[in-house]
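Here are the chains, one letter per residue:
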Amino acid sequence: MEKPRELNPSELMHEYLRQKKKFPHIWCSGCGIGTTMGAVIRAIAECEVDRDRVVMVSGIGCSSRMPTYVDFNTLHTTHGRPIAFATGIKLARPELEVIVITGDGDVAAIGGNHLIHACRRNINLTVVCINNSIYGMTGGQASPTTPQGKIASTARYGDFERAFDLCDLTAGAGAAFVARGAVYYARQLKKLVMQAFRKKGFAFVEVVSQCPVYYGRFNKFKSPVEMLYWQRDNTVNVKAAAKTKPEDLEGKLLTGVLADHDYPEFTELYDKLIADLAAGEK
Amino acid sequence: MEKPRELNPSELMHEYLRQKKKFPHIWCSGCGIGTTMGAVIRAIAECEVDRDRVVMVSGIGCSSRMPTYVDFNTLHTTHGRPIAFATGIKLARPELEVIVITGDGDVAAIGGNHLIHACRRNINLTVVCINNSIYGMTGGQASPTTPQGKIASTARYGDFERAFDLCDLTAGAGAAFVARGAVYYARQLKKLVMQAFRKKGFAFVEVVSQCPVYYGRFNKFKSPVEMLYWQRDNTVNVKAAAKTKPEDLEGKLLTGVLADHDYPEFTELYDKLIADLAAGEK
Amino acid sequence: MIVVRFAGYGGQGLLTAGLILADAAAVFDKKKVIQTQSYGAEARGGASRSDVIISDEDIVFPKPDHLDILVAMNQLSVDKYSSALAEEGTLIADATFVTTITFPDFYSIPFTEIARERLGREIVANVVALGALVELKGVVSKKAAAGALEQRIPQGALDVNRKALEAGFKAARTAASARDKAVADYDIV
Amino acid sequence: MIVVRFAGYGGQGLLTAGLILADAAAVFDKKKVIQTQSYGAEARGGASRSDVIISDEDIVFPKPDHLDILVAMNQLSVDKYSSALAEEGTLIADATFVTTITFPDFYSIPFTEIARERLGREIVANVVALGALVELKGVVSKKAAAGALEQRIPQGALDVNRKALEAGFKAARTAASARDKAVADYDIV
Amino acid sequence: MVIKEIINVRGKHLGYFEAWCKACGICIALCPKQVFDTGTDGKPIVARPQDCINCGTCEIMCPDFAIGWFEDPLHDEELKEAHKRSTEDEWAKNK
Amino acid sequence: MVIKEIINVRGKHLGYFEAWCKACGICIALCPKQVFDTGTDGKPIVARPQDCINCGTCEIMCPDFAIGWFEDPLHDEELKEAHKRSTEDEWAKNK
Amino acid sequence: MVLMQGNEAIARGALDAGVRFFAGYPITPSTEIVEIMSVELPKVGGKFLQMEDEIASLAAVIGASLTGLKAMTATSGPGFSLMQENLGYAYMTEVPCLVVNVMRGGPSTGLPTHPSQGDVMQARWGTHGDHPAIVLAPSSVLDCYVLTVRAINLAERFRMPVILLPDEVVAHMREDVTLPDKVDVVDREAPHVPPEWYYAYDDSTTDVAPLAPFGTGFRFHVTGLTHDRAGFATTVPAEIDRAVRNLKRKMDRFRLEIIQVERVHLADAEVVVAAYGICARSAEAAVLQARAQGYRAGFVNMKTIWPFCFKLVERVAESAKAIIVPEMNLGQLVREFDRAVCGRTQVVPISRVDGEAITPRQILDVIAELARPGGKD
Amino acid sequence: MVLMQGNEAIARGALDAGVRFFAGYPITPSTEIVEIMSVELPKVGGKFLQMEDEIASLAAVIGASLTGLKAMTATSGPGFSLMQENLGYAYMTEVPCLVVNVMRGGPSTGLPTHPSQGDVMQARWGTHGDHPAIVLAPSSVLDCYVLTVRAINLAERFRMPVILLPDEVVAHMREDVTLPDKVDVVDREAPHVPPEWYYAYDDSTTDVAPLAPFGTGFRFHVTGLTHDRAGFATTVPAEIDRAVRNLKRKMDRFRLEIIQVERVHLADAEVVVAAYGICARSAEAAVLQARAQGYRAGFVNMKTIWPFCFKLVERVAESAKAIIVPEMNLGQLVREFDRAVCGRTQVVPISRVDGEAITPRQILDVIAELARPGGKD
Ligand SMILES: Cc1ncc(C[n+]2csc(CCOP(=O)(O)OP(=O)(O)O)c2C)c(N)n1
Ligand SMILES: Cc1ncc(C[n+]2csc(CCOP(=O)(O)OP(=O)(O)O)c2C)c(N)n1
Ligand code: SF4
Ligand code: SF4
Ligand code: SF4
Ligand code: SF4
Ligand code: SF4
Ligand code: SF4
Ligand SMILES: [Mg+2]
Ligand SMILES: [Mg+2]
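Protein chains in written order, with numbering that gives the first Met the number 0: chain A, 0 to 281; chain B, 0 to 281; chain C, 0 to 188; chain D, 0 to 188; chain E, 0 to 94; chain F, 0 to 94; chain G, 0 to 376; chain H, 0 to 376.
Hints were generated in silico from the structure; no laboratory data involved.
Please note that a few of the clues may not be correct.
[Stated by the list, open to error] Computed cross-link-like contacts, SDA-like style, restricted to lysine to any residue with a CA-CA straight-line distance of at most 25 Å:
1. A:Lys-190 to F:Gly-55
2. G:Lys-247 to H:Asp-337
3. G:Lys-249 to H:Pro-348
4. B:Lys-199 to B:Gly-250
5. H:Lys-247 to G:Thr-112
6. G:Lys-247 to G:Leu-287
Keep in mind that this is a model prediction, so the values were computed, not measured.
The following block holds chain A by itself, in its conformation from the complex (with noise of 0.2 Å):
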């Protein structure tokens, strides 16, 4: 692999981000948006495209709030739907990168219909879904991704319902590239990221993410670090996985590349469709 180019926190600040009114951000303190962002930014940089060319969607929640800081083409659309809006860009215009930042209440809970449709689709988007387990935006309702029994605002008793596992959900339903990452290991991050980016056809990233201002505060974490530590203990990555012993890896969430097949690219495939009817072919 080609020695990435490592992006300077000037250059990210003046070329990446609109920072000139848009900073402080709007999220808490301690929340792992932020990191994320910083991860996302950097993969991309390092990825080497023209800005102009980027476009980053996402639907509404706390985490859907990313484009608003970024300097791409940025499109901050309804709850649950960005993947569907970011379907029609790329097949639109091929030649954008397209990349959709949602939450887990964005993409699984309303949105969770057009996510698997993408999986299945197979259309070239990358998808960063900030998991932190709960609707952060609303202020601390259970998510589908809440852990059942853990508390929520909703679910003052301890959730009922059992959580997705989003990275099952995704490959189950065919995506080409799943990933989980973390926003402890962050700079795993921005290379999972890459490699989603960098891959034709849909490819879907978990980042097990910290909410300390609702979920923290009701599933008694004292601080954002203590949730990073959280994330540090309960994740195996997936090659250290194969080495280790089940009984180990009981209730811990695997990171790194969980799924990377190769299927035709819908876009490639409509594309391929128009030049064989224009050369009569069909």
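Since the structure of chain A is already known, use the hints to place chains B, C, D, E, F, G and H with the ligands on it.
The following block gives chains B, C, D, E, F, G and H with the ligands in isolation, referenced to the frame of chain A:
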């Protein structure tokens, strides 16, 4: 297992069909939905559940017309939403037996999100999806289960999109019980529906079915019978599959019970909470 | 202005017959034309119909309140739509399936039988009926009907359809002369 | 009718202070009360405010066009809301953070410092401020304030909050007498 | 005819409701004993009832509930009535 | 003070933008060399710059882009200006 | 007396009216309702569901209602837009339920924490096809409680969804309230006939066709297709006509029972301010001040906004020389005033769409312009 | 001359107007549009997507439009209800697109293959919050073609979604048509300034703020939150006010350019029939017959139903002694007539909701009742 009470045809017609005004039914000649309806009715009858306690819920589509014909509590809802309606019914009155009849378009296209969330939530519903790989009702458009390359009225050049494997999808979403049957194997289908119906938890049964009028005609099947033979020749029972060489399984659909887990059921957890609160234990 | 209805089961090709007639009138005979038909579930398995209005002037309202000609391919259609026929209207029925007709001015010709027995393809009964309609009522020119047929029918099936149209013309001539005779007989009595 | 605004950063407990005051007035002092506050993102990280209207009569419109008392826990609030104060209004500021005040009638008391240094819990600065407000302006009775505190604050934190309220009363008395003195001095000059 | 005459086979009675049958040919093709011939209208003709092994395939596979083996002869006036009535219905004309 | 003075460490320059810092404590806790102390306001105090190994953790982990190691000293007037301006904004008061 | 928030009062009213099922999806500024119901319902043996979206929420509510439970959901603009399809289903199938839409600034995501009254026309016309609508608008915390009870009663009585439409100010403010000791609760009518005779859509012998709960032996059919008396799909023109008109007919018949309006100083009013929601508070304040200043001003608080109080407005149009209609939108309900007034008097809209409530002063200025104080002139 | 179906003409019109992106979800009676687009678009290098539902369809359309392609979708009642949230997003973000809603019987699943005009108010008010709307209704196959082109042009010109609202009869019937050889096509305005100076919501120097396609160097921000000139969320009252009012302002300014109405025999008409869609055909037939019978009848075909032709109706109200408004609903657009006429003349609605089209006879009977033939009396 107890010897099931086989339903004789006159009982079937008298006790379970609203035959007085509604027959012959709306489905085309050779359509697999009618046969599936027979299997479902026989399954429910053999489970010996009081008809008054059975609620059949469907969405919109040819398959979703089934509730018109059966003498249960029947609810023909909006396109894609039957599982959501059924969830409300079941939680409101856990003593009712709720079965959802749906199509591949209804449950996997517009209704995909409700499907995966029901899998996750593990509420005790039986969902029977009649998968004919097409939108029958509206005249043969591609569905999320139309195999790549096949023809539909919106995919005249062959469908680009990959098809869902509905059993992989529901398993990935965490369903407690997942099974696949086929119209050709109507007897096995009945048994699968019985198992699903008896399962405490969310149970999904995919029925590989035929739409001779659209899918069949578009894809050069000469008759409904030919489509049934296709089902016979392209499915392998999961038990047999275990003893088959992988290369012989290539492109084949597995039938039988594909997932069966015991997870706490939602309405039971809920009732326990109510009891605990009443007893002052929370 | 003349209003024609084709009616029968779904699958008897009535929508195609309606389209060929409409095409013939509009594209070939340069008439004003409106064609409407039954849709949805109704059309899929059950009763099916296709209405064609042909006129020299603009057709303002596309849903006329009477029919001039009813081409009925089954008994149900006769029972259901005879009453919609104008007093001077004409009913053309497929004798293969229709047994009872109460409307005064009618022709009864076994379209399906002709298609099945003489042309070997039951499916072209619709075009036989179309031929008969054209021959009997001259709603469009024969040339127009033939031209529209060429356009609508896929290459592979054209031959048998051409024959069906001709068979329709012929059967109609036979029926007409038989009826003329009958009417003449009646006059004599 | 008296209109009180608590304003500061999100996290300074202003919403709680507003609620305790409103409860004290409504439930304990049996006054008519309306309480409103800032919501959403605004409240989460940024500026936060809680308004309480207390009246002997029905309060028809809940969004008054002026404030009688502003309890400002940071400089921003002073800058932003001083102009909304009625001419005879009073500003009570947290001297820990507020450095510049242009409004004539004000008290400046280091609520946060008191909470941090004397009570060991910075978080109770809001209740210190509430105590001062009650002592200085008598918007509710002290008994009502204490009663409302008991209701709103969870058992575990009650003790330190009770102390905070008292500390507020006391700090206010000190400030008031200091100011009286200052004013007296001024009069003399 | 709405309901075909009952044909006694191994003590069971074949009920075939022509009015509901849509001539799909499934019973004809899947009967393991070739009990049925195909009529010109595509509907089954019970040609060799004596060969029937009562396997139930035709009954369970028929998408239209138009065929089945009953314990008793069809004495069921109500059902007959229902079938007769449905022919008056438009849907009865489905093919 | 909006931008803390630049502290030179192994040829790099630490930029710390107090106006953007929300005192989460992450940089302080995760620095492998305990370069930072915690201020009374929870924000980092660069106490032991000489210990810094330039690992980049603080920079990459800071959710607020409030800290980082630059190649050059911050001569960037525009950036400084931006930071100054943002304090005038309400958001700048986030903690 | 307690201090209570509008949203809290809605939740409390719902519980007191007998709601035992809630399914919802959180959205500002209605989230408190969802949160409170999640805590309180299990305490009274009721059921709470947080669904995957608003579409599913209303679907679950309709399903639960069909089993006989009183059921509701709560949302705001974006969620309310998503509910339109299933809302139409509830109208069509005549299933009682309550939908609370706390209005925030729109269109689209708009202003999640700022008030508006921008969804008034949507609440009447948001779903496709013809249907009636009952929409109530509270203007105080007490109203939130009382109108919630009333909305649920109306839903059960008329077998249809009812919409409660508070604005963000009313929903979020806290007020001292004294809740009534006892509220009248209406339960839906049960069938009076045995199952064999039951037609779920036959109202020939009752005000409204009784609805049998699923599971009680009636085994009837429910569909969103246009249906006959028995509930089965029909394409017979006369049956279609009956089905569509019937939805509206029951409401037209009981219009007077449904419409509730508060009138103040109308008798001699020269200028009448007609308002709803938080604007009714501004209007009341303005009218009281106007009276104090000698203007002959009157005031109408439209607690029922749909059906519209057409008759009342017609009457007011006869006597008043102007009707002022302040709304936090670009002029929605004022369109109905135009129709009712029919040119007989002046209709003066006041529109405010900057995310802030209309103040008494704004209204007072208009009153002053339109009326001359008693003494002078 | 060709024989063409209404839906086919819509697809053809869209292609000729330059539509190069379609995303949709099939639904009767609009399915033919989806099917035709799936076949035809790739032939001209355009893109077709069948999405998982209507919500996603409109989302994809908006996304595609933001890259500069002319984009559209087509649906019917249930799908149109589902699109309401994203439709509001398109209004708010000012993204051009065409939404075709072929009206079938409602509410809910209703009558999938029967015509109605039940979605007229929904097309105006279906999404939450204040917004303008342009809605066109074709009454012939040629109209289907011409108004589709027009709708796309209006969308591009005014940077907003436009709705085409055919009824099932018009969409499904086939008619002989002669399509124009050439159509005027409007392309959206490109920014006149370099990226640094570009504000996506600044219309201070142009009729409408120009929209830069994504990927062309402008890198701007789009949000459904209420936003400032640059497109970033704002909570400043003055900016909010500007944002909300601006959506409507551009439409108000160009109202005359947008409204298109066909008038027949109005000059001396005593009774005027005002209609749209298939009812306009019935109305025309009825008026022609009435004239033949000596009645002084006139006729208006409202090809633009929203914005409503208020001024025209006001003028008609001055001269005519009655305005008949036939609609296949329970009286929707007739409400606007009430407002415009303001009591000056009689407004007579004709409602039909049995799934059949209003016939010329029905209208003629009403004309005959209202007018007296020239000779007699
Ligand atoms: C249609 C609709 N429903 C509900 C909401 C309210 N809402 C806004 S954000 C959100 C949840 C966001 O959760 P997530 O995606 O996990 O983002 P987070 O804030 O946790 O980053 C909800 C329910 C909305 N804006 N639109
Ligand atoms: C909201 C909405 N969108 C679209 C439709 C149109 N529609 C009706 S059935 C159907 C597809 C049904 O497919 P499937 O569930 O596979 O049923 P099948 O007819 O194949 O049995 C569609 C798209 C609708 N009724 N409602
Ligand atoms: S609420 Fe939670 S997710 Fe949202 S910004 Fe704050 S910490 Fe982050
Ligand atoms: S269209 Fe297809 S799925 Fe529908 S009834 Fe006919 S054969 Fe069955
Ligand atoms: S029961 Fe079996 S053997 Fe007998 S006719 Fe039917 S399919 Fe044939
Ligand atoms: S399977 Fe049933 S419908 Fe098909 S031919 Fe046999 S009897 Fe008729
Ligand atoms: S670069 Fe590493 S060692 Fe240096 S201060 Fe930051 S975290 Fe500590
Ligand atoms: S990580 Fe960033 S925001 Fe957190 S304390 Fe350090 S500098 Fe401040
Ligand atoms: Mg989240
Ligand atoms: Mg299907």
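- 25 Å Cα cutoff - pair Lys-247 (chain G), Asp-337 (chain H): holds (20 Å)
- Message: Tell me if the straight-line CA distance from Lys-190 (chain A) to Gly-55 (chain F) falls inside 25 Å.
- Response: It holds: about 16 Å lies between the C-alpha atoms, which stays within 25 Å.
- Query: Would the pair Lys-249 (chain G) and Pro-348 (chain H) pass a check requiring their Cα atoms to be no farther apart than 25 Å?
  - Reply: Distance ~21 Å between Lys-249 (chain G) and Pro-348 (chain H) Cα, so the pair holds.
- Item | Lys-199 (chain B) paired with Gly-250 (chain B) [C-alpha distance capped at 25 Å] | violated (32 Å)
- Query: Taking only the CA atoms, is the gap from Lys-247 (chain H) to Thr-112 (chain G) under or equal to 25 Å?
  - Reply: The hint holds at about 23 Å.
- Item | Given hint Leu-287 (chain G) paired with Lys-247 (chain G) - CA-CA distance at most 25 Å | violated (38 Å)
In the structure shown, a violation is registered for the earlier hints numbered 4, 6, in ascending order.
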